[in-house]
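Top to bottom, those sequences are chains A and B. For the first sequence, the working numbering gives the first residue as 1, with consecutive numbering after it. For the second sequence, the working numbering gives the first residue as 1, with consecutive numbering after it.
Please keep in mind that the hints were generated in silico from the structure rather than gathered at the bench. Honestly, I wouldn't trust all of these hints.
One copy or any two copies: either way a pair holds, since identical chains are not told apart in the list.
Claimed, not checked - With a straight-line cut-off of 25 Å between C-alpha atoms, the simulated DSS-like cross-links for lysine-lysine are:
no., residue 1, residue 2
1, 75, 192
2, 148, 413
3, 413, 382
4, 192, 148
5, 192, 83
6, 339, 237
2 protein chains.
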Amino acid sequence: MDHSPALMTDMYEYTMLDACLQDGTANRKCVFEVYTRHLPAGRRYGVVAGTGRILDALENFHLDDEDLRFLADRKVVSRQTIKWLENLHFSGSIKGYREGEMFFPNSPILQVEGTFGECTLLETLVLSILNYDSAVASAASRMVSAAKDRPCMDMGGRRTNEWSAVAAARAAVIGGFQGTANLLAAQMYGLKAIGTAAHCFTLVHDDERSAFASQIAALGKNTTLLVDTYNIEEAVKTAVEVAGPELGGVRIDSGDLASLAQRVRNQLDALGATNTRITVTNDLDEYALAALQSAPVDSYGVGTMLVTGSGAPTCAMVYKLTEREGADGEMQPVAKKSKDKASVPGRKLAYRSYEYGLADVEHVISGSEEQLAAYQPAEGWKDLLVDYVDHGEIDSQYQGHDAITAAHEYRAKALSELPITAQSLMKGEPAISTDITVL
Amino acid sequence: MDHSPALMTDMYEYTMLDACLQDGTANRKCVFEVYTRHLPAGRRYGVVAGTGRILDALENFHLDDEDLRFLADRKVVSRQTIKWLENLHFSGSIKGYREGEMFFPNSPILQVEGTFGECTLLETLVLSILNYDSAVASAASRMVSAAKDRPCMDMGGRRTNEWSAVAAARAAVIGGFQGTANLLAAQMYGLKAIGTAAHCFTLVHDDERSAFASQIAALGKNTTLLVDTYNIEEAVKTAVEVAGPELGGVRIDSGDLASLAQRVRNQLDALGATNTRITVTNDLDEYALAALQSAPVDSYGVGTMLVTGSGAPTCAMVYKLTEREGADGEMQPVAKKSKDKASVPGRKLAYRSYEYGLADVEHVISGSEEQLAAYQPAEGWKDLLVDYVDHGEIDSQYQGHDAITAAHEYRAKALSELPITAQSLMKGEPAISTDITVL
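Just chain A, with the same shape it has in the complex (with noise of 0.2 Å):
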């Protein structure tokens, strides 16, 4: 189950390497530039997350003796490579958009500067980390929003692969969610781990009634009973039969959820428990969330469409080379032409300023590491760019679970500064207008 980061790779990112190492452009000091051209269709906002992982990744970013070998017995690289591959070392720095931080079309979300040939290697699993992770948490965001002041958990592990599942717990929990019921996610970053019981659990026992009392012998009275196994109305009076009123809460994962919800409450109430708890799950995304808003539901349960990122399981962020030491010596921004896929050359600054303390324009500034460097801000601009790695050297208050808890914080703060509308479930544009000046 060990396998290093460095060959969760694309092929060509070696093969480029080892043309480049023969030729000598392995060693051009290259600025690398990840963004998206466009948000999924109708979103108004994205959520970054992954950058923390991106960097345990680079912990970990060297090859064993394994690795080398199988890269030398496929000759994807020459011998020569090999020896260089086997001091694989990234030294070089990275910038970029806090994890919780919203992104828009051609936000500069990560900068990687170094060397052509450490740069290079990382483009796949940068991508990987990033396209996934800020997929889930954007997806998240809507979400929260919807649910208003009601906490979502994540229970989407089984519908995504199983390492997805801990990605996803993460990136949710960056996205406004408040716990998972993935325990290795749990485990890895710290995080509050939910989850009582299925339906096989009542339909291992002999009765719905001894299913109920076996739970709450093991997990105490306020703990969350499963009623829907039979019928949601004998479950609900066995389930306060068997606890009494000081039941934790009971879980709808079937049927018209805000109706049921909504007699559960009244029976509940009826039963004097008054205080028990209603979580509802069964495919929910941001829309069933907003439509149960007048329900009485006290928590969510949400799967499928948060790990697959809600219509949207990726985003379309790529890696671009935006600068490049030329032949001689100097730094020059460079751009591909291609047709729909032009970028914009250089490396960048990025601001978000504010009127009357909501954000109006994200400012793009593209230029020379000089230019940049003197560049004045207007007074009042958020600089977005925080430094995460210095010349190999990782800030490790990005990492771990404190920067979870200070990325989920983030977020709520930065969608609050955004304009009404980022929190609109309609399809319409971007919710502030991005701004691209090439000094």
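Here the structure of chain A is known, so what remains is to put chain B in place on it, guided by the hints.
Coordinates of chain B only, in the frame set by chain A:
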């Protein structure tokens, strides 16, 4: 990086185990079934993939001291359950559809038999793997049909989670693809790896000519040159000048691929490079591939739409208890009755019948172990179930590279035996109907 698949699990699997160990039901014999209630809207069939990966995970499905400490510290389970978990080992049996087999609504894709305790813990992981891998294989199969005899290659790793990328490469090959750009997938599963260069390779050089010359020096004349960084016509001219007419291939990654391929083919032929192959890549899906059938293209690189299941990034597979031992020691069929989620109780057999060599009906037979043992299928019915695990013993023929090759070949044959409607890209009903018999 070394984490146990036994924690790639929703917390409720463990809390259910905990309660069932305390009340004794954890030792009840059970049969769980994986199936889907429906295919993605309009799809004609699905392709099973992932089962081999489940077997791999099963070999490592146990908890180390750190995992046990986590479960204890978080109070997920009681002390007694921790003891039980120290010896966690799946001793049950698993049968199911082959990888590469077609599935339909209610096909019993996997059946897991053992004690409630050991079977329950597998739920999340089994579903994560089958739901994602089968989504990718199902999309891949449609793409391969649409591409006719032209090879399709997976280049989607950057658009999905970094581990999904590895699983997607494997599933793509099961679904009919020929290879992948992903090196870790190539290493782990012995897949063919492909890839030469990206736009940044051209951009890091001072001009396109020196980039092409460098690539040919390193990778030989048989390499594929990317020709759309600046001007395609210029690039093709330069490519043949540098490599000569023996140039292996060119790749086009932007614009109107059909008309560009036609122009490039004519240009290559006029330059004498009649054997130079054309690869196209750029947000391809099965519809785009079908539209390219008359264009002079030699192979396809497919990315985003492959790894995101081409609009269906997950299958709707569920893992349901269908039979269990009662208090009297007798096995009893069970099923929940939740609205819109009712399931067919009982363990199952599955056969496919044929008329004039074409599949016409999927037969799912439910009954007791004795009834199924005595069941006689009609002549010519194909038994769809194979034994993956027998009382804890994994049949290794379903793991590793050879199993993938077998599944790749099996899919092509099984698809050819479905009515040709199966290969239609128009939305419609499943290619064959499923007949459920309860004995």
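For each hint, the structure was consulted:
1. In this assembly of identical chains, residue 75 and residue 192 lie within 25 Å of each other by CA distance solely across copies; the values are 12 Å between and 46 Å within a copy.
2. In this homomeric assembly, residue 148 and residue 413 come within 25 Å of each other (Cα to Cα) only inside a single copy, at 15 Å, whereas the closest approach across copies is 52 Å.
3. Taking the shortest alpha-carbon separations for residue 413 and residue 382, only the intra-copy value of 13 Å comes in at or below 25 Å, while the best inter-copy value is 60 Å.
4. For a Cα distance limit of 25 Å, the shortest separation of residue 192 from residue 148 inside one copy, 20 Å, qualifies, whereas the shortest one across copies, 49 Å, does not.
5. Proximity of residue 192 to residue 83 under the C-alpha cut-off of 25 Å is restricted to the inter-copy arrangement: shortest distance 24 Å between copies versus 44 Å within a copy.
6. For a Cα distance limit of 25 Å, the shortest separation of residue 339 from residue 237 across copies, 19 Å, qualifies, whereas the shortest one inside one copy, 65 Å, does not.
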